[in-house]
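From first to last, the protein sequence lines are chains A and B. Residue 204 in the numbering used here sits at position 204 of the first sequence, with consecutive numbering throughout. Quick note, the numbering used here runs 1000 ahead of the 1-based positions in the second sequence.
Hints are not guaranteed to be accurate.
[What the hints assert, rightly or not] Simulated restraints on C-beta separations:
id	chain 1	residue 1	chain 2	residue 2	range
1	B	Gly-1398	A	Ala-45	47 to 57 Å
2	B	Asp-1367	A	Val-91	23 to 33 Å
3	A	Val-215	B	Gly-1289	46 to 56 Å
4	A	Gly-265	B	Pro-1062	53 to 63 Å
5	B	Pro-1172	A	Ala-116	49 to 59 Å
6	A	Ala-45	B	Ser-1187	24 to 34 Å
7	A	Asp-395	B	Gly-1289	54 to 64 Å
8	B	Arg-1260	A	Val-91	48 to 58 Å
9	A	Arg-115	B	Asp-1020	45 to 55 Å
10	A	Ala-236	B	Ala-1119	30 to 40 Å
11	B	Gly-1237	A	Asp-395	17 to 27 Å
[Said to hold, decoys possible] Okay, the calculated bits of chain B under chain A, using three or more residues with CB under 8 Å as the criterion:
id	stretch
12	1160–1174
13	1355–1369
Worth flagging that the hints you see were computed from the coordinates, not collected in a lab. A virtual CB, placed ideally from N, CA and C, is assigned to each residue, including glycine.
Number of protein chains: 2
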Amino acid sequence: MTSAARTPHLRRSNLALVLDQLRRRGSCSRSQLVAATGLTRSAIAGLVSELETIGLVVETPPAPDGRPGRPSPVVRVDDQCVIALSIEIFVDEIGAAFVALDGSIVASVRAARPRARVAVAETVTDVAGLVDRLEAQLADLEGRRVGHHVIGCGVSIPGLVRDADGVVVAAPNLGWIDVSLAESLSSVLGCGVPVHVGNDADLGALAESRFGAGVGSDHMIFVSGEVGVGGGLVAAGRPVVGHLGFAGEIGHLPVNPDGRRCRCGSIGCWETEVGETALLERAGLDPEGGRAAVDELLDRAAAGDRRATDALAAEARWLAIGIAGLVNVLDPDTVVLGGLFARILPAVRARLDAELDDRRYRAARRDVAVVGAALGSQAVTVGAAELAFGPLLDDPAGVVTLRPSTVSLRSRPARSS
Amino acid sequence: MTSAARTPHLRRSNLALVLDQLRRRGSCSRSQLVAATGLTRSAIAGLVSELETIGLVVETPPAPDGRPGRPSPVVRVDDQCVIALSIEIFVDEIGAAFVALDGSIVASVRAARPRARVAVAETVTDVAGLVDRLEAQLADLEGRRVGHHVIGCGVSIPGLVRDADGVVVAAPNLGWIDVSLAESLSSVLGCGVPVHVGNDADLGALAESRFGAGVGSDHMIFVSGEVGVGGGLVAAGRPVVGHLGFAGEIGHLPVNPDGRRCRCGSIGCWETEVGETALLERAGLDPEGGRAAVDELLDRAAAGDRRATDALAAEARWLAIGIAGLVNVLDPDTVVLGGLFARILPAVRARLDAELDDRRYRAARRDVAVVGAALGSQAVTVGAAELAFGPLLDDPAGVVTLRPSTVSLRSRPARSS
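Can you make the complete structure from the sequences, with help from the hints?
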């Protein structure tokens, strides 16, 4: 390939560059794009026009600002045209949503489910039913505005997802081993769009990094408290994936080598000491009590209940121990706490800061921001959509072949109801 | 910048691509370069010719292979022309070497030094003297072959080096804080080439990744046993640097939260349990005894001395605990053990493997190679040179302005001896 033959790639990477800038900034003028990208005014004009034709951005005339001269039109990401289907699979709940290219949620549905339905076949059936409801919801919206085009599907899983082929190698809490979920879902949904599968904490990290508490941080650690502990890492602005795609299993840092056996097979992993199960057990509450039990714990602590405050203090101490280690290994500028850890943060802030101060590498004299997630429970929803948008963001002109403006992902039998 | 205006950058990045391929493969034919890079035959011819003009590669006629047709010339990295000055600063020793672009060491000198001379001023003076000796050694070699061109200097430090400006923020074992070492060295050496400073374990990781046990691995962790524990990380083929440049401080993973206070200020860091000090203490030997004491320990263990074998078993156990955690967080394909850990590896292999097996995340069913460093004590020497070669490797045409073929880095007063 000669230099000349590679020039079309340059145009495509410039399209990606402009789209990325618009997503980071919300909306901006062409002049601001010129300043941000170093491309010429005429190059920007051509690229914006191409992105508009594809249906990824819209350009609107500026409001008159009273100053002499012609004000620059405002360009922004189109939140109407291209959308992704985001599917979330948890142990006790499933969710589906349509998310626009600007990260906004267009429509969403969730459903609780009994433990008896966590097997793969039941999960796939239930997800298909949920997507039916989601499409109906979108069809109602469509009545009121322009058609959306679904360009991909991202699925979040509480487990290890192999990067090479998207196989769910293991999801211990679901009892899944070696599941080709993308294939099963594609076939049941009958959809013509690619299905991508990712680990829930990795997806939460991606979303927080692009739209949440990690915006502006190139070196971020996302530490999410769930039943156990999940994590996602960003280094030099990119997700750290690892050899097989399993990076970020921070819940399995060995923090207490003489501690309890972990469900992973090792001993004294971080998640044997922090996370919902560990916290509720220490407080003498039902370790399977979920969110309601955590709320109960926070209420008791606020009322001065000693066992509750002790449990939170222990959680803060072990949380600091793991965070201090991760900071030493990865040197982030920002640590974003998600899930349970974001919920309890106000209650443990003082103790957490004191423990972190006691366990920091003093010589480094660094200032790491430890903050709560900004997107809350929507982080994983948005992250799964980001996974689906991935190929489009890498090559805006190469991916979008606009589907006919119909809502349905598949041919369904007519409903009798 | 339009697409057309960016084309020269393409040529430069293609030069870097070809040079990188040649460094990975040693020597190869133009046809192999065509296959490896996807560039056309004529593009490769032009790029190889340009690299040859700059003095980075040489092309030699092939040996006749008896087959019909004209055999392809062999291209290889020039190990004669461009070299880097590599400087290593340890607590009890300093070293200087000239390293060629293919990673081979052209000349090297080392000197022990008393603890009284670890201050910055004394260190800089002693390094300057050592570089004098190194240049004299090279001058002797020059008599026998073509002139070398020093294009940069890389310095290895046992401490935290800030990425943005190369300042040694802290080197606890040297007692250094906020030292602008590159500036001091540049001024004393009077050299016109850029001076780059890096952390010793990061540089060892870089060298092992490019020329040693990590070749072929895109996700590597380098775990080096010294007085304490140093580390260097490679993810997706690139060094993990972190926000400030401090990533890889794996010696300060908290593995034993109720353990001993660490010199970093925290409690129960990994290096309070493994590394030379911890190992020798457990064996009842002088913890400051250095390499000789480790040899003594290995001899005693080989002879069946119980305290020595127990100390090695404890070292293997704690080593496995930390490695297991790092594997879960970073998902490498290869863990390279350097320094002390490489030396004791044969003696602890069985116990290390058993402990790793007991502490692995079973669901991941992954196969991580845990191997000894291939470059031994030369890893840091070569790594410091790689740091110096960095700008050249990124942009071969942009950096090399060949200096006159003189050996001396600076004007020196004539020596009386």
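Results for each hint:
| no. | hint | in the structure |
| --- | --- | --- |
| 1 | Gly-1398/B to Ala-45/A: 47 to 57 Å | violated (31 Å) |
| 2 | Asp-1367/B to Val-91/A: 23 to 33 Å | holds (29 Å) |
| 3 | Val-215/A to Gly-1289/B: 46 to 56 Å | holds (51 Å) |
| 4 | Gly-265/A to Pro-1062/B: 53 to 63 Å | holds (54 Å) |
| 5 | Pro-1172/B to Ala-116/A: 49 to 59 Å | holds (57 Å) |
| 6 | Ala-45/A to Ser-1187/B: 24 to 34 Å | violated (50 Å) |
| 7 | Asp-395/A to Gly-1289/B: 54 to 64 Å | holds (59 Å) |
| 8 | Arg-1260/B to Val-91/A: 48 to 58 Å | violated (40 Å) |
| 9 | Arg-115/A to Asp-1020/B: 45 to 55 Å | holds (52 Å) |
| 10 | Ala-236/A to Ala-1119/B: 30 to 40 Å | holds (35 Å) |
| 11 | Gly-1237/B to Asp-395/A: 17 to 27 Å | holds (21 Å) |
| 12 | 1160–1174 | holds (count 4) |
| 13 | 1355–1369 | holds (count 9) |
Hint violations for this structure: numbers 1, 6 and 8, all remaining hints satisfied.
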